[in-house]
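Chain by chain, the residues run as shown.
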Amino acid sequence: MEALIDIALIPILKVVVVVFGFAMAIGTVLTWVERKQSAFIQRRVGPNRANLGPITAFGLLHLVADGIKMILKEDIIPDGSNKVLHMMAPALGLLPVMIIFAIVPFMDFYCHGTNVVIDGMDYCFAEGGIGAGVVRLDELANPLYNPRLGHYFQIADLQAGLLYMFAVTGVSVYGAAIAGWASNSKFSLMGGLRASAQMISYEISMGLSLAGLLMIYATIDVNDIVREQGDLLFGFLPAWGIFMQPVAFVLFLTASIAESKRAPFDMPEAESELVAGYFTEYSSMKFAVFSLGEFVAVVFIAAITATLFLGGWHVPWLYADGFHFGFDAWTGGAATTTAEAVSAYAAANPPDLALPYPLVVFLRIGAFITKTILLCFLQLQLRWTLPRFRYDQVMHLGWKVLLPISLLNLVVTAFFVLI
Amino acid sequence: MSVEVKSVERPKRNFWEQTYIPEIIKGLGVTLGHFFGVVARPKKNIFTVSYPDVKRDYPDRFRGKHRLMLREDGQVRCVACMCCSTVCPANCIHITAAEHDDPNIEKYPEVFVIDHLRCIVCGLCVEACPCDAIRMDTGTHCEPFTDRNKAFLDRDLLMQLGAHSAAEQGGRYSA
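Order-wise, the sequence lines are chains A and B.
Numbering-wise (numbering that gives the first Met the number 0), the first sequence opens with residue 0 and increments by one.
Numbering-wise (numbering that gives the first Met the number 0), the second sequence opens with residue 0 and increments by one.
Hints in this document: simulated from the structure, not taken from any laboratory.
Just so you know, even glycine gets a beta-carbon here, dropped at the ideal spot from N, CA and C.
Careful: at least some of the hints might be erroneous.
A short, non-exhaustive set of chain A residues, derived as facing chain B with CB atoms under 8 Å [as the list claims (entries may be wrong)]: (1) 36; (2) 42; (3) 44; (4) 214; (5) 246; (6) 384; (7) 389; (8) 390; (9) 392; (10) 415; (11) 418.
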């Protein structure tokens, strides 16, 4: 029974909560946020008419109204289109951005035991204290060896998390490309082609900008990357990706906004040129699925940027047993050490502000969600701040600017990692 | 003859402007300023008037829906002189004159219809009227309608909006 809960019930619950309760929910609300935010930036009121009697909830009911409207609209399949592909394309557009949430880590592994913080890393010991004898620190932080690291706050704890991310973002362009091809419309075809071209151009600098980060943290497990970011730089600054790799942060954010096909890189849609680009010929819920997919992609970009560059679930200076403002240097060895050394170190470095572990878990999940929401906000703000690029400028930026800079960043990082 | 060429110096961008990043941050500063300005003090910073709920005060000389003014005994002041329908550039006033029983009053409008689908709200009818019989000072708009017949405002409806006018019939004004 317990096995059934572990292998079936909890994963399904995680999928429901993360994909539908987090990604889709934020994505849906973002459609409202975008309208309201753009209105406020332009000193307008924004949506405020939909109501249930006196309740308007700041225009939030427009979400419901839009949903009902979309369902009731006629679903048009244009003549001469490839009907099967035309039907499939919205699903192919939404599916990748949903399954990609499998690797987003909301919190570290839950520790069923005693937490010890050594020089900016959390380690988990068995119940009943640290004990005596030889301990392997790398095993204490690794769920493969440490049974006390039970449930993880992530749908799938993939060792190759980032590779999975690249694989799925690579596939995500199929929805747009197929939609453009299957619609039997010149505008759609242009949009689909542009989507493919843009995807290929920016996927490269996106990958290369992360390569520097991978060299520093020496892992592609996203949870491990976040754990590494708990370290302190110069004894006070959290070792977040944005401080370790500021150039990569800008490159990655730019490339991933370009990948999400939103303004200022909205070439595949290009309202002013291509009507609506690859989904010109879509109506009803199929249209809604495309636009929802776009907003869920915004949420994903925010989540993964928070994970890789803003310390993921880390609250600055908060560790498993409370706030630590600085540590003594750890001299007990990198992998193997004695339990006595660990106890001595823990006794010499009590938390500056002790907090109960469940509260820490709560704060960390809250920190991750806050960071994600702030980055979503930043993306929408950028969309309403910057003018659109021209198509050739997008290609120029991708191939002649971002790619060389990311290569240079990689070389410089490699040099620093070496010495 | 040689062509005179005036070379215009192009504005130079320095390194930081070419990277765009400080400029983007400045731009974000502007939009965030607007955004939080509105969030903090919406009343002051939003200029939109939510029209049907909130109405802006119109100036005194605002030209709105027409009305027909009345005599002291409640009859229509209009003497069916056709000045307004003649001057109307949109040809939207239709009057059928009829003989009045009172020998002091020559004619009165048996039919007086303003076609609001054609009216361009220019106010020339008011200027032309010698009797202060038609005015556009109701301060209201013509309502939207789905039935075309509702767009034809007839005499009785216009008179309902009207009021007693103190002007002396014929144009001279007495207080």
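To see whether the hints hold, each was checked on the structure:
no.: 1; hint: 36; result: 7 Å, holds
no.: 2; hint: 42; result: 6 Å, holds
no.: 3; hint: 44; result: 5 Å, holds
no.: 4; hint: 214; result: 24 Å, violated
no.: 5; hint: 246; result: 10 Å, violated
no.: 6; hint: 384; result: 5 Å, holds
no.: 7; hint: 389; result: 15 Å, violated
no.: 8; hint: 390; result: 18 Å, violated
no.: 9; hint: 392; result: 11 Å, violated
no.: 10; hint: 415; result: 22 Å, violated
no.: 11; hint: 418; result: 27 Å, violated
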